[in-house]
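Visitor: Sequence:
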Amino acid sequence: MVSFKRARLVAAGAEESKGKEIWLDNDDLRPLKLKDRTWNRTTYFVFWFSASATVSGWYGASAAQALGLSMWESLACAFGGNCLIAVIITLNGRAGAVYHVGFPILNRSAFGVYGAWWPTFNRAVMAIVWNGVNAVQGGQCVYVMLHAIFPSIAHVKNTMGTGSALTSAGMIGFAVFWLVTCFFLVIPVPKMRALVYVKLIVFVISAVAMLGWTVGKAGGLGPVASQGSTIHGSEKSWLIVRFLMLGAANAATFASNASDFQRYAPRPKDPILGNLVGFPLANFLVCVIGNIVGASSQVIFGELIWNPIDFLDRLQTTDYTPANRAGCFFIALMFVYCAIFSSIFENSLPAGNDLAALFPRYITIRKGFFICAVVSFAINPWYLLGSASIFVSFMASYQIFLSSITGVLLCNYYIITRGYMHIPDLFTADKNGAYHYTKGWNIRAYIAYVIGVVPNFYGFLNNMGVDAPIGVTRFYYFAYWVGLAVSGGTYWVLCKLYPPPIMYRKGWMEVRNYVRPEEEEQVLEGQSFDVEAPSPGSQEKKITQETVMDLKA
Numbered sequence: 001m002v003s004f005k006r007a008r009l010v011a012a013g014a015e016e017s018k019g020k021e022i023w024l025d026n027d028d029l030r031p032l033k034l035k036d037r038t039w040n041r042t043t044y045f046v047f048w049f050s051a052s053a054t055v056s057g058w059y060g061a062s063a064a065q066a067l068g069l070s071m072w073e074s075l076a077c078a079f080g081g082n083c084l085i086a087v088i089i090t091l092n093g094r095a096g097a098v099y100h101v102g103f104p105i106l107n108r109s110a111f112g113v114y115g116a117w118w119p120t121f122n123r124a125v126m127a128i129v130w131n132g133v134n135a136v137q138g139g140q141c142v143y144v145m146l147h148a149i150f151p152s153i154a155h156v157k158n159t160m161g162t163g164s165a166l167t168s169a170g171m172i173g174f175a176v177f178w179l180v181t182c183f184f185l186v187i188p189v190p191k192m193r194a195l196v197y198v199k200l201i202v203f204v205i206s207a208v209a210m211l212g213w214t215v216g217k218a219g220g221l222g223p224v225a226s227q228g229s230t231i232h233g234s235e236k237s238w239l240i241v242r243f244l245m246l247g248a249a250n251a252a253t254f255a256s257n258a259s260d261f262q263r264y265a266p267r268p269k270d271p272i273l274g275n276l277v278g279f280p281l282a283n284f285l286v287c288v289i290g291n292i293v294g295a296s297s298q299v300i301f302g303e304l305i306w307n308p309i310d311f312l313d314r315l316q317t318t319d320y321t322p323a324n325r326a327g328c329f330f331i332a333l334m335f336v337y338c339a340i341f342s343s344i345f346e347n348s349l350p351a352g353n354d355l356a357a358l359f360p361r362y363i364t365i366r367k368g369f370f371i372c373a374v375v376s377f378a379i380n381p382w383y384l385l386g387s388a389s390i391f392v393s394f395m396a397s398y399q400i401f402l403s404s405i406t407g408v409l410l411c412n413y414y415i416i417t418r419g420y421m422h423i424p425d426l427f428t429a430d431k432n433g434a435y436h437y438t439k440g441w442n443i444r445a446y447i448a449y450v451i452g453v454v455p456n457f458y459g460f461l462n463n464m465g466v467d468a469p470i471g472v473t474r475f476y477y478f479a480y481w482v483g484l485a486v487s488g489g490t491y492w493v494l495c496k497l498y499p500p501p502i503m504y505r506k507g508w509m510e511v512r513n514y515v516r517p518e519e520e521e522q523v524l525e526g527q528s529f530d531v532e533a534p535s536p537g538s539q540e541k542k543i544t545q546e547t548v549m550d551l552k553a
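The letter at position 209 of the sequence shown is residue 209 when you use UniProt numbering, and the numbering goes up by one with no holes.
Take these hints with a grain of salt, some might be off.
When the alpha-carbon atoms are kept at most 30 Å apart in a straight line, the in silico DSS-like pairs for lysine-lysine are as follows [to be verified]:
| # | residue 1 | residue 2 |
| --- | --- | --- |
| 1 | K217 | K33 |
| 2 | K431 | K506 |
| 3 | K496 | K431 |
| 4 | K33 | K496 |
| 5 | K236 | K191 |
| 6 | K439 | K35 |
| 7 | K35 | K191 |
| 8 | K496 | K439 |
| 9 | K367 | K191 |
| 10 | K506 | K35 |
| 11 | K269 | K506 |
| 12 | K506 | K496 |
| 13 | K269 | K157 |
| 14 | K269 | K191 |
| 15 | K33 | K191 |
| 16 | K269 | K35 |
Don't read these hints as lab results, they were simulated from the structure.
Could you put together the complete structure from these sequences and hints?
Guide: Pasting the structure below:
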């Protein structure tokens, strides 16, 4: 262990840092208060079922079929990829579960108090884009509801162009969904636990209803499940590899921002079972439903309709009876409810955390929710869902940036600092702070980040339309894992060569369960909080308040 001594702040330095700290701190960013740690083991297990309980989970499942794989091959790919990424989610969320801080603050420990702005901005962009994509799906569901009530809406002149997933009539549904979602954003996150359970129940009812309806129209499960793949040989083998890796890369956002939702756990161990078992199992069950429903469209209409919402509207349009219209209306209504809370938990919450960290003086997490909503409308997300190939390209592209960030975070937490974070210095602009590094930027982390992106960048360009050899295309299938390993390995080497202020050689330095200093007395007095009472000195473990760090002047 490296020996550290706490430096004394001189008056001038303290005054200088005080002016800068307004850009680094607000109460939303600090470790969560005890009363807000309300998500227990059951909540996290159900959370993943609720998070995956949305039609967006059907998209990825049926997209593999649209490109030639059979239903069973598509399921195997998705399940394998989800099992792999579940491990990364668990590992990268550990800091949130122990110290109860979100992804933006975790970035500060590795990239520096100012250097954290770029990776935080990166993830905010991804969350905002996904929020827009989710709103498109919700808008499509609202359109199906409106179509069931007002047949004339189908005849509204379309001026959106061929590349859009929404027609002009669909844009009406998008606007309605967007407004309703904004209404729900005023609910505090710790109080949304009940909504997680309700969302799961609603999705199960809607999924079973659509599954029974489509399989019945297809003549039973036999004709649906017996369909084989439409490609063979090496083309099929590489497509399996592609979707196996996509099963993991598709959850790259979850893996990077795992601490954002694991910070709500009363105890560090609470999210583990939900992550390792609940996440892959929940996604597998959703994929089963999505693949069966997608495969049944092939039997019913002679073509694979990979978008379940388009499939639902096709069912009512083909046989526009009152019973079919009522069935489509209520299934679409339940889809809308699921999409609203998927948008909040998976996109608005991470984006709100990120934006609050980028501009803490002006933006709270709740204000970040609404900024995310406005920007996700402005980016025209309806063009991302125009076809299966466009959607798959979108899913695969941004992973290289998130994987490189995640690789640095994992290496820093588990290998360099051995699980230790000095919370006060994550919120100070003092040049003697442990996370000030070089004028607030950790150059080691940025070098590792860039080097982690470089091997995948040609493949990224190819995925976005630039011509490249087939070898580059296939190498890019492994982009997430390459970025993770290269960035993490590079960061480890640089820290060995140029040790940062906090670096431990031996031992595990993680605290038991971080509690705000002002709340420690409440825990020791035995108040009814579901946390472990800190033993003497446990908040700093082997490190005392007076000998935390050797700060370089």
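Visitor: Compare the structure with each hint and give your call.
Guide: So, going through the hints one by one against the coordinates:
For the given pair, K217 sits about 52 Å from K33 by alpha-carbon distance, which is inconsistent with the 30 Å threshold. For the hint linking K431 to K506, the alpha-carbon distance of about 27 Å falls within 30 Å, and the restraint holds. With a CA separation close to 22 Å, the supplied pair K496 and K431 stays within the 30 Å bound. A threshold of 30 Å between alpha carbons decides the hint, and for K33 with K496 the separation of about 36 Å lies outside it, so the pair is violated.
Annotation: proposed proximity of K236 to K191 is violated, straight-line Cα distance about 47 Å (limit 30 Å). Among the hinted pairs, K439 with K35 is inconsistent with the structure: their alpha-carbon atoms are about 36 Å apart, more than 30 Å. For the hint pairing K35 with K191, the CA-to-CA distance comes to about 11 Å; that is within 30 Å, so the pair holds. Pair hint K496 plus K439 holds up; C-alpha atoms about 21 Å apart against a cutoff of 30 Å.
Our distance criterion of 30 Å between C-alpha atoms is met by K367 and K191, whose separation comes to about 17 Å. A distance of roughly 35 Å separates the Cα atoms of K506 and K35; the hinted pair therefore is violated under the 30 Å criterion. Restraint check for K269 and K506: the C-alpha separation of about 23 Å stays at or below 30 Å, so the hint holds. Restraint check: the Cα-Cα separation between K506 and K496 comes to about 14 Å, which is no more than 30 Å; the hinted pair holds.
Under the criterion of a C-alpha separation no larger than 30 Å, the hint pairing K269 with K157 is inconsistent with the structure, at around 55 Å. About 21 Å separates the Cα atoms of K269 and K191, which keeps this hinted pair within 30 Å; it holds. Of the pairs offered as hints, the one joining K33 and K191 holds, with about 14 Å between alpha carbons and a cut-off of 30 Å not exceeded. The hinted pair formed by K269 and K35 meets the criterion: a straight-line CA distance of about 18 Å does not exceed 30 Å.
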